Amino acid sequence: MTGVSTGLQQLSRTGSAPLRWLAGWWRIVYFGASLLVLALSPSSWRREVRQALMRHLYLDTAPILWWFTMLCALLTLVITRIVVVTALSYGLSRYALEMVIRVLVLELIPLTAALFVALRCTIPNGAALAEMRRTGQFDALLRRGMDPVVTQALPRALAGIFATITLAALSCVVALVLAYLAVYGWTLAGAPAYTHVFGHVFNPAVSLIFVLKTLFFSLAVSIIPMASGLYDVEGDGSRESAALQGLVRMFAVLLVLEAACLAGNYS
Amino acid sequence: MAMQPELDTPVQNSEPTTARPVRHLELKAALLLVFTALLVAGSAFYLLYARGVFEPTQRLVLLTDDSEGVVIGMDMTFSGFPIGRVRRVELAETGNVRIVVDVAQKDAHWLRTTSVFTLVRGLVGGTTIRAFSGILTDPALPDGAERPVLRGDATAELPRVLASAKEVLENLGAMTSQDAALRASLANLQDLTQKLKGPRGALGVAFGNDADAAKLVAALDRTNALLARADTLAAKAETQVFGPQGVMHEAQATVAQLGSLLSETRDSLKKVDAVLLEAQGIGANVRGATGDLGSLRGEVEVNLRKIEGMINELNRKWPLARDTEVKLP
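Chains P and H supply the protein sequences, listed in that same order.
The numbering of the first sequence is the working numbering, which starts it at 1 and goes up by one.
The numbering of the second sequence is the working numbering, which starts it at 1001 and goes up by one.
For the record, the hints were derived by calculation from the structure and aren't laboratory data.
Note that the structure is predicted; figures quoted are calculated from it, not measured.
Careful, some of the hints might be misleading.
So, partial list: chain H residues that the calculated Cβ filter (under 8 Å) puts toward chain P [stated by the list, open to error]:
| # | residue |
| --- | --- |
| 1 | Leu1025 |
| 2 | Ala1029 |
| 3 | Asp1075 |
| 4 | Asp1212 |
| 5 | Leu1216 |
| 6 | Leu1220 |
The beta-carbon is built from N, C-alpha and C at its ideal position, and this holds for glycine as well.
Using the sequences plus the hints, can you model the full thing?
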């Protein structure tokens, strides 16, 4: 991994702009694959790494879980109300519930969760990695025989993935419950019809796309900022550059993923 | 916390993971992991339940000649309630379309052997498959039954509707064209209203020219004058009839005289009645005399027959009696 990284760094410094751009993307993909391999390797999970992972898991997820859930609940209520009232005025109320589920659960909430985790956790984590690298702490770790990718980047990336999935899952459940309450009120009479609509929307293809989308969103918001902070993907390695590069590349990937999912769901 | 590097910059301090120790970190992290795992597993279980994975179903095959609008997963409804879901759409060897529908067994009792299935394409929304069961006492539909489906397409009516709409628009255009009858009628109506607003008003419209309207006005004036004269004449007639020397007084006197004349006539009639009574008595007497004449006449006839018999006897016995014998030659 070190040899490939060195070659990529040389290419980044000496190549033309398109080559540097391609090299940057390749570094991100390579870093992501390395992280996955390291995550699946038992040798990576030494006690210190497990401790760091638990710490990041809890501190990256728990403090923002309830705030984000409240935010999603508010968003759900507003959008559900708008959709239901509009559909009712056009006599299309039978499609309102399906539209709410599609718009909120399928499209908006996974994207919002990924962006929230990126802005609150992974981009600051990536910037912190860049700062540590700039201040020479990685060199100190290497001298002590510790790989900074394993000890610093891996827990942060896995914590970002976990936070994205947890936030998306909890917000989807809360959105489903609130959408039911907004449409049917405090009664269980509408539960069979609601379950049927839910099952109608989430056919196997849509369910698979939803799961893959959430997974890839979590990978994108976790890996790209870390890669940008850990390596000189582009620029001079200053912290603004790392944060900005990570942000731009991450948004680009999220946009491509969302477009691909939309094409898969509605084409 | 040996792995946590020293935080000495604002950037590292902005990281969520601070150097502050967390109490019961392992427990909290484990609870969070369990919570997420339960959340994901529960969501997956609900999804499978909503997809009907745990629900026993029976199969129904609908046969049609066109599968347009039929998609996998669409509902089959009965009275608006979804009771089945399209599992597969395939072509049969005969070229027909086989729509395989999974019907939940708890709802399968709504489908009978006489049930009718329709495939309707609406103008708004997708295609719908509906089931109608008229006689719910018929035998239940068996598993794997094949039934034809009736097709109805609202969009198929669109060309005819568009053609009709085009025809209507053309008619409307013809009606509102420059030389159309409607436009001429409206122009005439405008002239009419102008005339109505003119000095002659409705009379001018009714007669068509001012001269005749003037004649009518003159006739009305003369009629008014005639009515005035009639009023005068009526006043004079009243004086003649009901005045002190009027006809009515003379008529009353005449009526009084007529009354006395009538009483006198009544007296005369009473006298006539008496005369008639006497005449009636005379008549009765004449009737009795007439009866006596009858008997008298009978007696005369008897006497005459006796005299005739006596003469005949005399003739027979008398010597000068004629020879009445008949002598033969």
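Consistency of the hints with the structure:
{"no.": "1", "hint": "Leu1025", "result": "holds (6 Å)"}
{"no.": "2", "hint": "Ala1029", "result": "holds (4 Å)"}
{"no.": "3", "hint": "Asp1075", "result": "holds (7 Å)"}
{"no.": "4", "hint": "Asp1212", "result": "violated (62 Å)"}
{"no.": "5", "hint": "Leu1216", "result": "violated (62 Å)"}
{"no.": "6", "hint": "Leu1220", "result": "violated (64 Å)"}
In terms of the numbered hints stated before, the structure departs from hints 4, 5, 6, listed from lowest to highest.
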